[in-house]
Amino acid sequence: MALNLESSNVATRENRIGSITGYIGTLSDLANQSGCGTLKGCSRCFSQSSTCLSSCALGQLSAIRDVAIIHHGPAGCSVASAGAYYLDKVMAKKRGITNNTVYVGTDMNEKDTIFGSTEALGKIILEVNKRYSPKAIFVTSSCATGIIGEDIDSVVDEVREEIDVPIAAVHCEGFKSRIWATGFDISDHAVLSSIVQPPKQKRNTINFKNFYESARTEIIEIFKNFDLEPVFLYCNSSVEELSHISESLATTCICGTLGNYLGNGLEEKYGVPYVRTINPLGVAGFETWLREIGKVTDRSEKVEKYIEEQRAVYIPKIEEIKKELKGLKAVLGMGPGYTFEVSRVLNELGIEVVWALAWHYDKKYENGDVPPSMEYLLEHDVDFETSVADQQNYEVMNILNKYQPDLYLSRHPGSTVWAIKNGTPAVYVADEYMIFGYKHTLEFAQSVLDSIHNRSFEKNLARRVKLPYTDWWYQQNVDEFLENRR
Amino acid sequence: MAKLLDKQRYKCAMGAMQTVQAITRAIPVLHSGPGCAQKLSDSIGSSGYFSPNIFPCTSINEKDVVFGGVKKLETTIENALKVIDADLYVVLTGCIPEIVGDDTGEVVSQFEDADKPVIYASTAGFKGNNYKGHEQVIDAIIDQYLKKSDEKQKGLVNIWADVPYQDLFWLGNIRELEKLVTELGLTPNTIFGYNRGIENINRIPKAEFNLLVSPWVSVGNMKKMEKKLGIPYLHYPTLPVGAFETSRFLREVGKFAGVAEEKIENIINEHEDYYYYLIERYADLFLETRVMSKQFSVVADAQYALGITKFLVNDLGLVPAKQFVADDTPKVFQEQIKAEFEKLNYGLKADVSFETDGYKIHNEIREHDYHGYPLILGSYYEKELTEELFGHYLNISWPVQDKVVLDDFYVGYTGGIRLIEDIYSVAVQRWN
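Chains as they are written, first to last, in this note's numbering: chain A, 8 to 493; chain B, 214 to 645.
Each hint should be verified, as a subset may be incorrect.
With a cut-off of at most 27 Å between alpha-carbon atoms, the simulated DSS-like pairs for lysine-lysine come out as follows [to be verified]: (1) A:Lys100 / B:Lys573; (2) B:Lys535 / B:Lys507; (3) B:Lys616 / A:Lys101; (4) B:Lys276 / A:Lys371; (5) A:Lys96 / B:Lys616; (6) B:Lys507 / B:Lys573; (7) A:Lys101 / B:Lys596; (8) B:Lys360 / B:Lys436; (9) B:Lys535 / A:Lys137; (10) A:Lys118 / B:Lys345; (11) B:Lys468 / B:Lys437; (12) B:Lys276 / A:Lys118; (13) A:Lys409 / B:Lys295; (14) A:Lys370 / B:Lys276; (15) B:Lys340 / A:Lys130; (16) B:Lys329 / A:Lys473; (17) A:Lys118 / B:Lys216; (18) B:Lys573 / A:Lys137; (19) B:Lys216 / A:Lys96; (20) A:Lys100 / B:Lys616; (21) B:Lys573 / A:Lys142; (22) B:Lys329 / B:Lys284; (23) A:Lys96 / B:Lys573; (24) B:Lys596 / A:Lys137; (25) A:Lys231 / A:Lys207; (26) A:Lys47 / B:Lys276; (27) B:Lys216 / A:Lys137; (28) A:Lys118 / B:Lys573; (29) B:Lys284 / A:Lys47.
Quick list of simulated restraints, FRET-style, between CB atoms [to be verified]: (30) B:Lys616 / A:Gly156: 38 to 48 Å; (31) A:Asp160 / B:Glu634: 47 to 57 Å; (32) B:Glu634 / A:Arg102: 32 to 42 Å; (33) A:Tyr481 / B:Phe280: 32 to 42 Å; (34) B:Asp300 / A:Lys324: 49 to 59 Å; (35) B:Lys616 / A:Lys336: 38 to 48 Å; (36) B:Asn645 / A:Gly156: 51 to 61 Å; (37) A:Ile227 / B:Gly314: 52 to 62 Å; (38) A:Arg102 / B:Pro445: 53 to 63 Å; (39) B:Leu447 / A:Asp160: 52 to 62 Å; (40) A:Asp388 / B:Lys616: 46 to 56 Å.
Keep in mind that the hints were calculated from the coordinates and are not lab data. C-beta: ideal position from N, C-alpha, C; glycine also.
Produce the complete structure using the sequences and hints provided.
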């Protein structure tokens, strides 16, 4: 990709890497079409709410320790500050550190939409700086400020000399992209352009992009075997730590959607290799990923030794539990960084994927390749019905009603409840490490079993509730509202 | 003008999607960017018959910003009517269509003959916060759906209280208000929560009067209904929490409705007997808790700041330190709310600050001498602050992370007891 750190604007995923949010077909067709350049996303003439890219962008940035986020817009845009406050406090407490990040809004009103409020914004930035002495400041826009043309770049430039920490304008207009993951790119861009410094010395570290570092201690222990030290990003990262990530031996990420902008950016700008294998979920994923890390950091021997030891412990147990999972049918709906990875793990465990929904699809990664998770499935002759839908719940319900699978897997808040109301057991794969490595693959398999062994909760609820969709909708094809469908 | 919103305690007008959601089988249809519903929802009982992730939404993109989104709104409403089984469709407009000038009213008017009612409310985020948005939705129902009724149902009274979901206890509170009004021999009518919905909305015009229990929210709605539907209203500004205020509430409502005094006093006596049976048994705990000073602060919307201050002073004999109203109360209501804070037993007056800047609120709390361990009732933002002051903390206002409430409530005699249980459940964990 061509990284332009001079501009504060990031092109959307749609424009940069041809990402789409509307498609129905099969995995092989999706790959073929995207490979030969004929894939065109469809839009919908009816849709349900999805997610705002600013939640992804600012969720990432506000997890950095001791920074300030100034969200210029009406109070609804900055409402995420309440959740960020809570998360920062509990995540820091878990680590035994403190995080004094502040996330404020500007409570923009009607007058501001007519007369503008850049002057007030400038004062707010200076006041926040005075109150909290943050280690970095991110000033972000919203739909309203974007449309009326508030020039936040100029405001930031004007106050820059009065502020002695990194400060960046972050463009977060929600209408820019239907792909909320664009927000991850926006946050990476802000970090790369304002905080990361050119390398001074190489370190034995590996950048590890993740969400909430739940497997932190465990991964630190694993990497000790290879004399590598992981640096987890961005939750609980300090600005000082971030300024040095260009000095790491490599970058890896638990979710390709989350990390590819940063990974590719660090590679392009500072030559830090980005590990682009399938992700460390399931057995094949974990081993392929570890081997690649061994390769790029010149530690293959140590990695092979570790794999051999761990296989002896876990593979027999995983083989044992597979016997109980065989023949189960699953539908899953996740971001593309997980859908095709989890599909692989389900296949590994003997669970048949009957339909996989990805909330969006990146035709190409930043380096131009087809996503590795998909390539892997097709190379192994795994194919299934696939659709791309930005969390369109009515499509999910139509599919669940038609296929009545044994389980539904998802990882977005508010999604599991709809499956269980359909009477389908749901597994919430929210923790990004839920299927990480041998140990968690085994635990995941056990969770799936536990979920289907006691179906009381979903059966009780499904028996008592009425679903909000009409019979008419259940009789339609899933692609009813896709425009220009084939 | 734009201001520093530090530790924000409200959402924007579009947050009124939760007001719509609280009306059973009413669905918001959002004319907005794709992520407004997700942002404005919390996991506090929002996965009901409808949930925010299934609210139809035009998911405005860059093209719509340039060319307008009316066509998309049209297909969204049209298909929402086909796909979703609801009784009332409420189109809520966000920032984008209101800035670019989409004529939402015109689009909605095309659905006048639809099988189900479709109305719209202007809830652009910059128009105000979710307290205002709540009023906008009720106004839309009055203006676009309700018609004046010549027929009145004897004893029927519409009850209105604060904002669903923004108020953690909204469901339990309104049910308890209904119970109290029922005891007076009246028939309550409310539109929010279980088993309430379009039928209750249809009944609104037949009521003899509207009862508003809120310091300021919905006063405008009451005036509108008085004018358009000819329904008089009684505005009771204090959320009645505990015996003192609830008895006062019953007397005032009873008097307004023409209920015999003796009947009201009998009801009150029966409740107070039980209330003080409980208090008597636990009075030693209240008096002998070694870790609580007599002073307290509430940081909440006007409703809880006022209701809880009156309860703690008039029922429990505590002394108010400064109280903070953080809901951006419109200036026109501030004087009369302030006056309410000054009507406390023994001539006590609570100093109240209308302040939305959490930094200033926290500094004032830090600087006040509570003469011991303070009791702070507020939002999640006050948790760490109270720990710093070695005080007792209870999460009673938004944002809420420290409490899960399904149908608990603080209203009435029982509600007062529940609040005492919550406060002393915190206090008994410490010893001095």
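Hint check results:
Among the hinted pairs, A:Lys100 with B:Lys573 is consistent with the structure: their alpha-carbon atoms are about 25 Å apart, no more than 27 Å. Pair hint B:Lys535 plus B:Lys507 holds up; C-alpha atoms about 13 Å apart against a cutoff of 27 Å. Among the hinted pairs, B:Lys616 with A:Lys101 is consistent with the structure: their alpha-carbon atoms are about 20 Å apart, no more than 27 Å. Between B:Lys276 and A:Lys371 the CA atoms are separated by roughly 24 Å; this keeps the pair inside 27 Å, and the hint holds.
At roughly 16 Å between alpha-carbon atoms, A:Lys96 and B:Lys616 fall within 27 Å of each other, so this suggested pair holds. The hinted pair formed by B:Lys507 and B:Lys573 meets the criterion: a straight-line CA distance of about 23 Å does not exceed 27 Å. Taking the CA atoms of A:Lys101 and B:Lys596, the gap is near 16 Å; set against the 27 Å cutoff, the hint holds. Distance hint between B:Lys360 and B:Lys436 is fulfilled; the C-alpha atoms sit about 15 Å from each other, no more than 27 Å.
About 26 Å separates the Cα atoms of B:Lys535 and A:Lys137, which keeps this hinted pair within 27 Å; it holds. Under the criterion of a C-alpha separation no larger than 27 Å, the hint pairing A:Lys118 with B:Lys345 is consistent with the structure, at around 16 Å. Of the supplied pair hints, the one linking B:Lys468 and B:Lys437 holds, its CA atoms being roughly 24 Å apart against a limit of 27 Å. Between B:Lys276 and A:Lys118, the direct Cα distance comes to roughly 25 Å. Compliance with the 27 Å bound is thereby established for this hinted pair.
Pair hint A:Lys409 plus B:Lys295 holds up; C-alpha atoms about 19 Å apart against a cutoff of 27 Å. Of the pairs offered as hints, the one joining A:Lys370 and B:Lys276 holds, with about 22 Å between alpha carbons and a cut-off of 27 Å not exceeded. For the given pair, B:Lys340 sits about 22 Å from A:Lys130 by alpha-carbon distance, which is consistent with the 27 Å threshold. This hinted pair checks out: B:Lys329 and A:Lys473 have alpha carbons roughly 19 Å apart, not beyond 27 Å.
About 12 Å separates the Cα atoms of A:Lys118 and B:Lys216, which keeps this hinted pair within 27 Å; it holds. Restraint check: the Cα-Cα separation between B:Lys573 and A:Lys137 comes to about 14 Å, which is no more than 27 Å; the hinted pair holds. Simply put, B:Lys216 and A:Lys96 have alpha-carbon atoms about 25 Å apart, close enough for the 27 Å limit, and the pair holds. The suggested pairing of A:Lys100 with B:Lys616 holds, with an alpha-carbon distance near 19 Å, which does not exceed 27 Å.
For the proposed pair B:Lys573 and A:Lys142, the alpha carbon gap of about 22 Å is at most 27 Å, so the pair holds. A C-alpha spacing of about 20 Å is found between B:Lys329 and B:Lys284, which places the hinted pair at or below 27 Å, so the restraint holds. The hinted pair formed by A:Lys96 and B:Lys573 meets the criterion: a straight-line CA distance of about 20 Å does not exceed 27 Å. For the hint linking B:Lys596 to A:Lys137, the alpha-carbon distance of about 24 Å falls within 27 Å, and the restraint holds.
Pair hint A:Lys231 plus A:Lys207 holds up; C-alpha atoms about 24 Å apart against a cutoff of 27 Å. Restraint check for A:Lys47 and B:Lys276: satisfied, since their Cα atoms lie roughly 17 Å apart, inside the 27 Å limit. Between B:Lys216 and A:Lys137 the CA atoms are separated by roughly 15 Å; this keeps the pair inside 27 Å, and the hint holds. Straight-line distance between C-alpha atoms of A:Lys118 and B:Lys573 comes to about 25 Å, which keeps the hinted pair within the 27 Å bound.
The straight-line distance between the Cα atoms of B:Lys284 and A:Lys47 is roughly 22 Å, inside the 27 Å bound, and the hint therefore holds. At roughly 43 Å, the beta carbons of B:Lys616 and A:Gly156 sit within the given window of 38 to 48 Å. A beta carbon spacing of about 53 Å between A:Asp160 and B:Glu634 agrees with the range 47 to 57 Å that was offered as a hint. Hint check: B:Glu634 to A:Arg102, Cβ distance near 34 Å, so the stated range 32 to 42 Å holds.
Taking 32 to 42 Å as the suggested C-beta distance range, the pair A:Tyr481 and B:Phe280 conforms, at roughly 34 Å. For the pair B:Asp300 and A:Lys324, the beta carbons lie near 53 Å from each other, so the given range of 49 to 59 Å is met. For the pair B:Lys616 and A:Lys336, the supplied restraint of 38 to 48 Å holds, since their beta-carbon distance comes to about 40 Å. Look at B:Asn645 against A:Gly156: about 59 Å separates their beta carbons, and that is inside 51 to 61 Å.
Restraint check, A:Ile227 to B:Gly314: a C-beta distance of roughly 55 Å satisfies the suggested window 52 to 62 Å. For A:Arg102 paired with B:Pro445, a C-beta distance near 59 Å keeps the hint of 53 to 63 Å intact. A C-beta distance of roughly 54 Å is found between B:Leu447 and A:Asp160, which places it inside the suggested range of 52 to 62 Å. Checked against the hint of 46 to 56 Å, the pair A:Asp388 and B:Lys616 passes, with Cβ atoms roughly 52 Å apart.
The structure shown violates none of the earlier numbered hints.
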